[in-house]
Amino acid sequence: LQAAALLAADCLGTGLLALPHAIKVLGNIAGLGFLVLNLPINLYAGTILSHTAGHVEEKQRLENLSIADDEDKEQQNSRTSNGGVEAANGEEGLALLKRQGNYSSVAPTENQPSVINVSSVETPEKMPDDEDSTHHNHHRHHDTATFDFIGITQVLFHQRRATQIVMVIYYINIFLTLGDYILVMSHAVTALIGEDIICLPEAGIIASTLMFCVSQIRSMARLGRAATIVSLGALAIVIVQCLIAGNQQSDDAVAAVTYEDSPLRRIQQTQSSPVSFMRKCSAIASIGFAVGSQKLFLNIRHEMKNRNEGPKSLAIALSSYGSVYVAICVLAGPDPPSFLFDAIAPGGWNRRIAGFLLWVHVVVSYSINSQAICSSIDRIFFHRVKLWGLDHKDEVRWLILTLMLAVSSYIVANAVPFFKDLVALIGALTSVPLTLLIPAIYHRQRLRIPLWLPTKDSIASYSLVIFSLAFLFAGLYGSLGSIEMDWKAHPYPFACH
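For what it's worth, my numbering labels the leading residue of the sequence shown as 1228, then goes sequentially.
Rather than coming from a laboratory, the hints here were simulated on the basis of the structure.
Below, computed lysine-lysine pairings styled on DSS-like, alpha-carbon distance capped at 30 angstroms:
| no. | residue 1 | residue 2 |
| --- | --- | --- |
| 1 | Lys1286 | Lys1539 |
| 2 | Lys1539 | Lys1683 |
| 3 | Lys1507 | Lys1715 |
| 4 | Lys1286 | Lys1532 |
| 5 | Lys1522 | Lys1251 |
| 6 | Lys1522 | Lys1507 |
| 7 | Lys1532 | Lys1522 |
| 8 | Lys1286 | Lys1300 |
Working from the sequences, and respecting the hints, build out all of it.
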(Lines of atoms letter the chains of each structure in order from A and count residues from 1; the text may use other names and numbers.)
(Lines give C-alpha, C1' and ligand atoms only; values in the text may rest on other atoms or scores of the structure.)
Protein backbone atom coordinates (compact mmCIF):
# COMPACT_ATOMS: atom_id res chain seq x y z
CA LEU A 1 0.00 0.00 0.00
CA GLN A 2 2.86 2.38 0.76
CA ALA A 3 4.36 1.76 -2.68
CA ALA A 4 0.95 2.29 -4.27
CA ALA A 5 0.58 5.59 -2.42
CA LEU A 6 3.98 6.78 -3.68
CA LEU A 7 3.12 5.80 -7.25
CA ALA A 8 -0.19 7.65 -7.05
CA ALA A 9 1.55 10.69 -5.58
CA ASP A 10 4.03 10.69 -8.47
CA CYS A 11 1.26 10.74 -11.09
CA LEU A 12 -1.12 13.20 -9.43
CA GLY A 13 0.51 16.44 -10.50
CA THR A 14 0.17 19.40 -12.84
CA GLY A 15 -0.96 17.15 -15.70
CA LEU A 16 -4.28 16.93 -13.89
CA LEU A 17 -4.88 20.64 -14.59
CA ALA A 18 -4.97 19.96 -18.35
CA LEU A 19 -6.91 16.69 -18.24
CA PRO A 20 -10.55 17.95 -18.10
CA HIS A 21 -10.01 20.13 -21.17
CA ALA A 22 -8.41 17.22 -23.04
CA ILE A 23 -11.46 15.08 -22.29
CA LYS A 24 -13.71 17.86 -23.56
CA VAL A 25 -11.77 18.12 -26.85
CA LEU A 26 -12.08 14.38 -27.45
CA GLY A 27 -15.70 14.29 -26.32
CA ASN A 28 -16.80 12.99 -22.95
CA ILE A 29 -17.49 9.42 -24.05
CA ALA A 30 -14.41 9.04 -26.27
CA GLY A 31 -12.17 10.98 -23.90
CA LEU A 32 -13.15 9.11 -20.74
CA GLY A 33 -13.05 5.84 -22.68
CA PHE A 34 -9.49 6.48 -23.86
CA LEU A 35 -8.49 7.55 -20.35
CA VAL A 36 -9.86 4.36 -18.81
CA LEU A 37 -8.37 2.23 -21.62
CA ASN A 38 -4.90 3.52 -20.78
CA LEU A 39 -5.12 2.22 -17.22
CA PRO A 40 -4.93 -1.56 -18.02
CA ILE A 41 -2.42 -0.85 -20.80
CA ASN A 42 -0.20 0.93 -18.29
CA LEU A 43 -0.68 -1.96 -15.87
CA TYR A 44 0.47 -4.48 -18.48
CA ALA A 45 3.49 -2.32 -19.37
CA GLY A 46 4.39 -1.98 -15.70
CA THR A 47 3.97 -5.71 -15.13
CA ILE A 48 6.35 -6.74 -17.92
CA LEU A 49 8.76 -4.04 -16.76
CA SER A 50 8.69 -5.53 -13.26
CA HIS A 51 9.23 -9.03 -14.69
CA THR A 52 12.20 -7.77 -16.71
CA ALA A 53 13.68 -6.18 -13.62
CA GLY A 54 13.18 -9.46 -11.74
CA HIS A 55 14.93 -11.33 -14.56
CA VAL A 56 17.92 -8.97 -14.37
CA GLU A 57 18.10 -9.36 -10.59
CA GLU A 58 17.96 -13.16 -10.79
CA LYS A 59 20.59 -13.23 -13.53
CA GLN A 60 22.96 -11.09 -11.50
CA ARG A 61 22.26 -13.14 -8.37
CA LEU A 62 23.29 -16.34 -10.16
CA GLU A 63 26.38 -14.66 -11.59
CA ASN A 64 27.35 -13.47 -8.10
CA LEU A 65 26.96 -17.05 -6.80
CA SER A 66 29.16 -18.33 -9.61
CA ILE A 67 31.82 -15.72 -8.89
CA ALA A 68 31.68 -16.50 -5.16
CA ASP A 69 31.99 -20.23 -5.89
CA ASP A 70 35.06 -19.64 -8.06
CA GLU A 71 36.60 -17.47 -5.36
CA ASP A 72 36.01 -20.21 -2.75
CA LYS A 73 37.61 -22.81 -4.98
CA GLU A 74 40.63 -20.59 -5.57
CA GLN A 75 41.02 -19.98 -1.84
CA GLN A 76 40.84 -23.73 -1.17
CA ASN A 77 43.48 -24.39 -3.82
CA SER A 78 45.65 -21.68 -2.31
CA ARG A 79 45.31 -23.16 1.19
CA THR A 80 46.10 -26.65 -0.16
CA SER A 81 49.19 -25.33 -1.91
CA ASN A 82 50.39 -23.48 1.17
CA GLY A 83 49.69 -26.52 3.35
CA GLY A 84 51.84 -28.69 1.11
CA VAL A 85 54.72 -26.28 1.39
CA GLU A 86 54.32 -25.92 5.14
CA ALA A 87 54.47 -29.71 5.42
CA ALA A 88 58.06 -29.38 4.27
CA ASN A 89 58.87 -28.35 7.84
CA GLY A 90 58.06 -31.89 8.99
CA GLU A 91 59.63 -35.23 8.24
CA GLU A 92 57.76 -35.71 5.00
CA GLY A 93 58.76 -32.22 3.98
CA LEU A 94 62.43 -33.01 4.54
CA ALA A 95 62.19 -36.06 2.33
CA LEU A 96 60.53 -33.96 -0.34
CA LEU A 97 63.23 -31.34 -0.12
CA LYS A 98 65.95 -34.01 -0.35
CA ARG A 99 64.47 -35.22 -3.61
CA GLN A 100 64.29 -31.62 -4.87
CA GLY A 101 67.94 -30.94 -3.88
CA ASN A 102 67.04 -28.21 -1.41
CA TYR A 103 67.98 -30.09 1.80
CA SER A 104 70.96 -29.09 3.92
CA SER A 105 72.32 -31.43 6.65
CA VAL A 106 73.90 -28.54 8.54
CA ALA A 107 72.26 -28.24 11.93
CA PRO A 108 70.54 -24.96 12.67
CA THR A 109 72.38 -22.45 14.76
CA GLU A 110 71.31 -19.49 16.84
CA ASN A 111 71.30 -17.27 13.78
CA GLN A 112 69.71 -19.90 11.58
CA PRO A 113 66.06 -20.69 12.16
CA SER A 114 64.96 -24.27 12.33
CA VAL A 115 62.10 -23.49 9.98
CA ILE A 116 62.90 -24.12 6.36
CA ASN A 117 62.79 -21.05 4.09
CA VAL A 118 59.98 -21.97 1.77
CA SER A 119 60.95 -19.28 -0.72
CA SER A 120 63.59 -21.68 -2.01
CA VAL A 121 60.94 -24.18 -3.01
CA GLU A 122 60.17 -23.85 -6.67
CA THR A 123 56.48 -23.79 -7.55
CA PRO A 124 55.00 -24.04 -11.03
CA GLU A 125 53.97 -20.72 -12.59
CA LYS A 126 50.27 -20.11 -13.17
CA MET A 127 49.17 -20.01 -16.74
CA PRO A 128 47.82 -16.53 -17.45
CA ASP A 129 45.28 -17.91 -19.90
CA ASP A 130 43.94 -20.49 -17.50
CA GLU A 131 40.16 -20.26 -17.99
CA ASP A 132 39.41 -21.34 -14.45
CA SER A 133 41.43 -18.52 -12.94
CA THR A 134 39.68 -15.67 -14.68
CA HIS A 135 36.30 -15.63 -12.96
CA HIS A 136 37.58 -14.01 -9.79
CA ASN A 137 38.61 -10.98 -11.82
CA HIS A 138 34.95 -10.15 -12.51
CA HIS A 139 33.35 -7.67 -10.19
CA ARG A 140 30.34 -8.77 -8.24
CA HIS A 141 27.08 -7.09 -9.18
CA HIS A 142 25.64 -4.59 -6.76
CA ASP A 143 21.88 -4.38 -6.35
CA THR A 144 21.54 -1.16 -8.36
CA ALA A 145 20.95 -2.23 -11.97
CA THR A 146 17.16 -2.28 -11.59
CA PHE A 147 16.94 1.05 -9.78
CA ASP A 148 16.12 2.93 -13.00
CA PHE A 149 15.81 2.61 -16.77
CA ILE A 150 19.47 3.38 -17.39
CA GLY A 151 20.74 0.46 -15.28
CA ILE A 152 18.41 -2.08 -16.90
CA THR A 153 19.36 -0.84 -20.36
CA GLN A 154 23.05 -1.37 -19.62
CA VAL A 155 22.42 -4.96 -18.53
CA LEU A 156 20.03 -5.94 -21.32
CA PHE A 157 21.77 -4.37 -24.32
CA HIS A 158 25.47 -3.96 -23.41
CA GLN A 159 25.53 -1.05 -25.88
CA ARG A 160 26.48 2.49 -25.00
CA ARG A 161 24.21 3.89 -27.71
CA ALA A 162 21.11 2.21 -26.27
CA THR A 163 21.94 3.56 -22.83
CA GLN A 164 22.53 7.04 -24.24
CA ILE A 165 19.17 7.04 -26.01
CA VAL A 166 17.35 6.12 -22.79
CA MET A 167 19.32 8.75 -20.86
CA VAL A 168 18.38 11.42 -23.41
CA ILE A 169 14.67 10.54 -23.21
CA TYR A 170 14.79 10.50 -19.41
CA TYR A 171 16.62 13.83 -19.11
CA ILE A 172 14.43 15.52 -21.72
CA ASN A 173 11.42 14.41 -19.70
CA ILE A 174 12.78 16.09 -16.57
CA PHE A 175 13.89 19.27 -18.40
CA LEU A 176 10.49 19.74 -20.04
CA THR A 177 8.68 18.89 -16.82
CA LEU A 178 10.67 21.54 -14.97
CA GLY A 179 9.72 24.02 -17.69
CA ASP A 180 6.10 23.02 -17.12
CA TYR A 181 6.55 23.69 -13.38
CA ILE A 182 7.92 27.18 -14.08
CA LEU A 183 4.97 27.89 -16.38
CA VAL A 184 2.50 26.81 -13.69
CA MET A 185 4.36 28.79 -11.05
CA SER A 186 4.26 31.85 -13.32
CA HIS A 187 0.48 31.58 -13.35
CA ALA A 188 0.56 31.27 -9.55
CA VAL A 189 2.71 34.41 -9.25
CA THR A 190 0.40 36.43 -11.52
CA ALA A 191 -2.56 35.27 -9.42
CA LEU A 192 -0.83 36.43 -6.24
CA ILE A 193 0.30 39.81 -7.59
CA GLY A 194 -2.52 40.43 -10.05
CA GLU A 195 -2.89 39.70 -13.77
CA ASP A 196 -3.36 43.41 -14.47
CA ILE A 197 -0.08 44.27 -12.75
CA ILE A 198 2.36 41.65 -14.03
CA CYS A 199 2.45 39.54 -17.19
CA LEU A 200 3.44 35.90 -17.54
CA PRO A 201 7.07 36.33 -18.77
CA GLU A 202 7.75 38.79 -15.93
CA ALA A 203 6.17 36.40 -13.45
CA GLY A 204 8.35 33.67 -14.92
CA ILE A 205 11.48 35.62 -14.00
CA ILE A 206 10.26 35.84 -10.41
CA ALA A 207 9.32 32.14 -10.42
CA SER A 208 12.69 31.04 -11.84
CA THR A 209 14.60 33.23 -9.39
CA LEU A 210 12.63 31.82 -6.46
CA MET A 211 13.24 28.26 -7.61
CA PHE A 212 16.95 28.96 -8.10
CA CYS A 213 17.15 30.15 -4.50
CA VAL A 214 15.12 27.25 -3.12
CA SER A 215 17.26 24.76 -5.06
CA GLN A 216 20.31 25.83 -3.03
CA ILE A 217 18.77 24.05 -0.04
CA ARG A 218 20.27 20.70 -0.95
CA SER A 219 18.64 18.98 2.01
CA MET A 220 15.23 19.55 0.39
CA ALA A 221 15.43 16.09 -1.16
CA ARG A 222 15.61 14.57 2.32
CA LEU A 223 12.08 15.73 3.07
CA GLY A 224 10.87 12.90 0.84
CA ARG A 225 7.37 11.69 1.73
CA ALA A 226 6.53 14.59 4.04
CA ALA A 227 7.17 17.06 1.23
CA THR A 228 5.11 14.93 -1.13
CA ILE A 229 2.16 14.94 1.28
CA VAL A 230 2.33 18.74 1.62
CA SER A 231 2.54 19.11 -2.16
CA LEU A 232 -0.41 16.82 -2.85
CA GLY A 233 -2.49 18.42 -0.10
CA ALA A 234 -1.97 21.87 -1.61
CA LEU A 235 -2.85 20.60 -5.09
CA ALA A 236 -5.99 18.88 -3.78
CA ILE A 237 -7.27 22.14 -2.25
CA VAL A 238 -6.60 23.99 -5.52
CA ILE A 239 -8.52 21.34 -7.50
CA VAL A 240 -11.49 21.63 -5.15
CA GLN A 241 -11.42 25.43 -5.52
CA CYS A 242 -11.34 25.10 -9.32
CA LEU A 243 -14.26 22.66 -9.40
CA ILE A 244 -16.39 24.82 -7.12
CA ALA A 245 -15.59 27.99 -9.08
CA GLY A 246 -16.17 26.33 -12.43
CA ASN A 247 -19.60 25.03 -11.45
CA GLN A 248 -20.68 28.34 -9.90
CA GLN A 249 -19.98 30.38 -13.01
CA SER A 250 -21.94 30.33 -16.22
CA ASP A 251 -20.25 29.42 -19.45
CA ASP A 252 -20.00 33.08 -20.46
CA ALA A 253 -18.35 34.09 -17.21
CA VAL A 254 -15.60 31.46 -17.15
CA ALA A 255 -12.30 33.26 -16.69
CA ALA A 256 -10.04 33.52 -19.72
CA VAL A 257 -6.77 34.94 -18.42
CA THR A 258 -4.11 32.80 -20.09
CA TYR A 259 -2.43 33.53 -23.38
CA GLU A 260 -4.23 30.83 -25.26
CA ASP A 261 -7.77 30.81 -23.94
CA SER A 262 -9.50 33.87 -25.39
CA PRO A 263 -7.90 33.84 -28.89
CA LEU A 264 -8.14 30.07 -29.16
CA ARG A 265 -11.80 29.99 -28.27
CA ARG A 266 -12.36 32.20 -31.31
CA ILE A 267 -10.13 29.97 -33.41
CA GLN A 268 -11.95 26.83 -32.28
CA GLN A 269 -15.24 28.30 -33.49
CA THR A 270 -13.89 28.23 -37.04
CA GLN A 271 -11.98 24.99 -36.80
CA SER A 272 -11.66 22.94 -39.96
CA SER A 273 -11.58 19.16 -39.82
CA PRO A 274 -7.73 18.85 -40.01
CA VAL A 275 -7.33 21.37 -37.22
CA SER A 276 -9.89 19.56 -35.09
CA PHE A 277 -8.03 16.26 -35.67
CA MET A 278 -4.79 17.96 -34.65
CA ARG A 279 -6.34 19.18 -31.41
CA LYS A 280 -7.63 15.69 -30.67
CA CYS A 281 -4.15 14.20 -31.19
CA SER A 282 -2.77 16.81 -28.81
CA ALA A 283 -5.47 15.91 -26.29
CA ILE A 284 -4.58 12.20 -26.28
CA ALA A 285 -0.94 13.17 -25.66
CA SER A 286 -2.09 15.13 -22.60
CA ILE A 287 -3.79 11.96 -21.35
CA GLY A 288 -0.54 10.07 -21.91
CA PHE A 289 1.26 12.60 -19.72
CA ALA A 290 -1.36 12.37 -16.95
CA VAL A 291 -1.61 8.56 -16.87
CA GLY A 292 2.07 7.68 -17.37
CA SER A 293 3.15 5.73 -14.30
CA GLN A 294 6.50 4.09 -15.02
CA LYS A 295 8.92 7.01 -14.60
CA LEU A 296 9.52 6.24 -10.92
CA PHE A 297 8.05 2.75 -10.81
CA LEU A 298 11.48 1.09 -10.86
CA ASN A 299 12.78 3.37 -8.09
CA ILE A 300 9.79 2.63 -5.86
CA ARG A 301 9.83 -1.09 -6.67
CA HIS A 302 13.52 -1.25 -5.76
CA GLU A 303 12.74 -0.09 -2.21
CA MET A 304 10.00 -2.69 -1.66
CA LYS A 305 10.66 -5.62 0.67
CA ASN A 306 8.96 -8.00 -1.75
CA ARG A 307 9.65 -6.70 -5.24
CA ASN A 308 7.37 -9.29 -6.78
CA GLU A 309 4.49 -7.27 -5.35
CA GLY A 310 5.37 -4.36 -7.65
CA PRO A 311 2.62 -5.04 -10.22
CA LYS A 312 0.05 -5.36 -7.43
CA SER A 313 1.05 -1.97 -6.00
CA LEU A 314 0.91 -0.48 -9.49
CA ALA A 315 -2.61 -1.88 -9.99
CA ILE A 316 -3.79 -0.27 -6.74
CA ALA A 317 -2.20 3.06 -7.72
CA LEU A 318 -3.72 3.03 -11.22
CA SER A 319 -7.15 2.22 -9.81
CA SER A 320 -6.84 4.99 -7.23
CA TYR A 321 -5.70 7.92 -9.32
CA GLY A 322 -7.65 6.68 -12.34
CA SER A 323 -10.83 7.01 -10.29
CA VAL A 324 -9.77 10.48 -9.15
CA TYR A 325 -9.12 11.50 -12.77
CA VAL A 326 -12.53 10.34 -13.93
CA ALA A 327 -14.29 12.04 -11.02
CA ILE A 328 -12.53 15.38 -11.62
CA CYS A 329 -13.23 15.28 -15.37
CA VAL A 330 -16.93 14.64 -14.71
CA LEU A 331 -17.17 17.32 -12.02
CA ALA A 332 -15.28 19.92 -14.07
CA GLY A 333 -18.41 20.76 -16.04
CA PRO A 334 -19.13 20.88 -19.76
CA ASP A 335 -16.58 23.56 -20.70
CA PRO A 336 -13.45 23.48 -18.50
CA PRO A 337 -10.64 25.87 -19.48
CA SER A 338 -7.42 24.51 -20.97
CA PHE A 339 -5.71 25.36 -17.68
CA LEU A 340 -8.14 24.30 -14.95
CA PHE A 341 -6.76 26.94 -12.59
CA ASP A 342 -8.39 29.59 -14.81
CA ALA A 343 -11.83 28.40 -13.72
CA ILE A 344 -11.23 30.67 -10.71
CA ALA A 345 -12.07 34.24 -11.71
CA PRO A 346 -9.16 36.73 -11.63
CA GLY A 347 -8.92 39.08 -8.69
CA GLY A 348 -10.13 38.40 -5.21
CA TRP A 349 -8.73 36.36 -2.35
CA ASN A 350 -10.00 33.02 -3.67
CA ARG A 351 -7.64 33.14 -6.64
CA ARG A 352 -4.78 34.50 -4.55
CA ILE A 353 -5.13 31.65 -2.04
CA ALA A 354 -5.28 29.15 -4.89
CA GLY A 355 -2.21 30.77 -6.44
CA PHE A 356 -0.27 30.46 -3.20
CA LEU A 357 -1.24 26.78 -2.76
CA LEU A 358 -0.35 26.07 -6.38
CA TRP A 359 3.02 27.73 -5.76
CA VAL A 360 3.57 25.44 -2.73
CA HIS A 361 2.79 22.37 -4.84
CA VAL A 362 5.18 23.39 -7.60
CA VAL A 363 8.00 24.41 -5.23
CA VAL A 364 8.17 20.92 -3.75
CA SER A 365 7.87 19.16 -7.12
CA TYR A 366 10.43 21.39 -8.81
CA SER A 367 12.92 21.12 -5.94
CA ILE A 368 12.87 17.33 -5.78
CA ASN A 369 13.16 16.90 -9.56
CA SER A 370 15.81 19.58 -10.03
CA GLN A 371 17.99 18.19 -7.26
CA ALA A 372 17.68 14.71 -8.74
CA ILE A 373 18.85 15.80 -12.18
CA CYS A 374 21.57 18.15 -10.87
CA SER A 375 22.98 15.37 -8.68
CA SER A 376 22.91 12.98 -11.62
CA ILE A 377 24.67 15.41 -13.99
CA ASP A 378 27.31 16.24 -11.38
CA ARG A 379 27.93 12.58 -10.63
CA ILE A 380 28.19 11.52 -14.27
CA PHE A 381 30.52 14.17 -15.69
CA PHE A 382 30.32 17.69 -14.22
CA HIS A 383 32.49 16.83 -11.21
CA ARG A 384 35.39 16.30 -13.65
CA VAL A 385 35.31 19.88 -14.95
CA LYS A 386 38.62 21.49 -13.93
CA LEU A 387 37.89 25.00 -15.22
CA TRP A 388 38.36 27.51 -12.36
CA GLY A 389 39.09 24.54 -10.10
CA LEU A 390 35.45 23.42 -10.16
CA ASP A 391 36.42 19.80 -9.54
CA HIS A 392 37.23 20.82 -5.95
CA LYS A 393 34.32 23.26 -5.43
CA ASP A 394 31.14 21.30 -4.79
CA GLU A 395 29.03 24.29 -3.81
CA VAL A 396 30.08 26.33 -6.84
CA ARG A 397 29.29 23.42 -9.19
CA TRP A 398 25.86 23.06 -7.58
CA LEU A 399 25.27 26.82 -7.97
CA ILE A 400 26.13 26.65 -11.68
CA LEU A 401 23.98 23.57 -12.33
CA THR A 402 20.90 24.96 -10.58
CA LEU A 403 21.35 28.32 -12.35
CA MET A 404 21.56 26.60 -15.74
CA LEU A 405 18.47 24.57 -14.89
CA ALA A 406 16.49 27.63 -13.78
CA VAL A 407 17.40 29.50 -16.99
CA SER A 408 16.60 26.54 -19.24
CA SER A 409 13.26 25.98 -17.47
CA TYR A 410 12.37 29.64 -17.95
CA ILE A 411 13.22 29.39 -21.66
CA VAL A 412 11.05 26.27 -22.06
CA ALA A 413 8.15 27.92 -20.21
CA ASN A 414 8.25 30.92 -22.57
CA ALA A 415 9.03 29.00 -25.74
CA VAL A 416 5.80 27.04 -25.15
CA PRO A 417 3.70 29.30 -22.89
CA PHE A 418 0.56 27.31 -23.70
CA PHE A 419 0.02 24.96 -20.78
CA LYS A 420 -2.02 22.30 -22.53
CA ASP A 421 0.43 22.21 -25.47
CA LEU A 422 3.48 21.86 -23.24
CA VAL A 423 1.82 19.03 -21.31
CA ALA A 424 0.94 17.31 -24.59
CA LEU A 425 4.51 17.69 -25.88
CA ILE A 426 5.95 16.13 -22.72
CA GLY A 427 3.41 13.31 -22.92
CA ALA A 428 4.10 12.44 -26.55
CA LEU A 429 7.86 12.96 -26.62
CA THR A 430 8.86 11.35 -23.32
CA SER A 431 5.98 9.95 -21.23
CA VAL A 432 4.74 7.50 -23.87
CA PRO A 433 8.25 6.09 -24.58
CA LEU A 434 9.12 5.76 -20.88
CA THR A 435 5.72 4.39 -19.87
CA LEU A 436 4.81 2.09 -22.75
CA LEU A 437 7.40 1.68 -25.50
CA ILE A 438 10.59 1.05 -23.52
CA PRO A 439 9.00 -1.62 -21.23
CA ALA A 440 7.80 -3.47 -24.36
CA ILE A 441 11.28 -3.29 -25.93
CA TYR A 442 12.86 -4.54 -22.68
CA HIS A 443 10.42 -7.44 -22.56
CA ARG A 444 11.15 -8.56 -26.11
CA GLN A 445 14.90 -8.14 -25.62
CA ARG A 446 14.72 -10.33 -22.50
CA LEU A 447 12.90 -13.06 -24.43
CA ARG A 448 15.24 -12.63 -27.42
CA ILE A 449 12.31 -11.82 -29.72
CA PRO A 450 12.98 -9.48 -32.68
CA LEU A 451 11.24 -6.16 -32.20
CA TRP A 452 9.24 -6.28 -35.44
CA LEU A 453 8.48 -10.01 -35.48
CA PRO A 454 5.02 -10.89 -34.14
CA THR A 455 5.02 -14.41 -32.72
CA LYS A 456 2.25 -16.44 -31.18
CA ASP A 457 3.65 -16.00 -27.67
CA SER A 458 4.41 -12.30 -27.99
CA ILE A 459 1.26 -10.79 -29.48
CA ALA A 460 0.61 -8.70 -26.36
CA SER A 461 4.05 -7.06 -26.26
CA TYR A 462 4.05 -6.62 -30.05
CA SER A 463 0.66 -4.90 -29.85
CA LEU A 464 2.05 -2.65 -27.12
CA VAL A 465 4.94 -1.64 -29.39
CA ILE A 466 2.55 -0.76 -32.22
CA PHE A 467 0.16 1.09 -29.90
CA SER A 468 3.04 3.03 -28.32
CA LEU A 469 4.47 4.12 -31.66
CA ALA A 470 1.05 5.19 -32.96
CA PHE A 471 0.44 7.03 -29.67
CA LEU A 472 3.85 8.71 -29.88
CA PHE A 473 3.59 9.94 -33.49
CA ALA A 474 -0.04 11.01 -33.20
CA GLY A 475 0.77 12.90 -30.01
CA LEU A 476 3.79 14.60 -31.56
CA TYR A 477 1.77 15.59 -34.61
CA GLY A 478 -0.96 17.04 -32.43
CA SER A 479 1.24 18.81 -29.87
CA LEU A 480 3.65 20.36 -32.39
CA GLY A 481 0.82 21.39 -34.70
CA SER A 482 -1.12 22.83 -31.80
CA ILE A 483 1.91 24.82 -30.64
CA GLU A 484 2.39 26.22 -34.15
CA MET A 485 -1.27 27.20 -34.41
CA ASP A 486 -1.32 28.79 -30.98
CA TRP A 487 1.71 30.93 -31.81
CA LYS A 488 -0.29 32.42 -34.69
CA ALA A 489 -2.60 33.93 -32.09
CA HIS A 490 0.33 35.14 -29.96
CA PRO A 491 2.90 37.82 -30.84
CA TYR A 492 6.26 36.22 -30.09
CA PRO A 493 8.13 34.47 -27.23
CA PHE A 494 8.62 36.43 -24.00
CA ALA A 495 5.98 38.96 -25.05
CA CYS A 496 3.63 40.29 -22.40
CA HIS A 497 0.75 41.08 -24.72
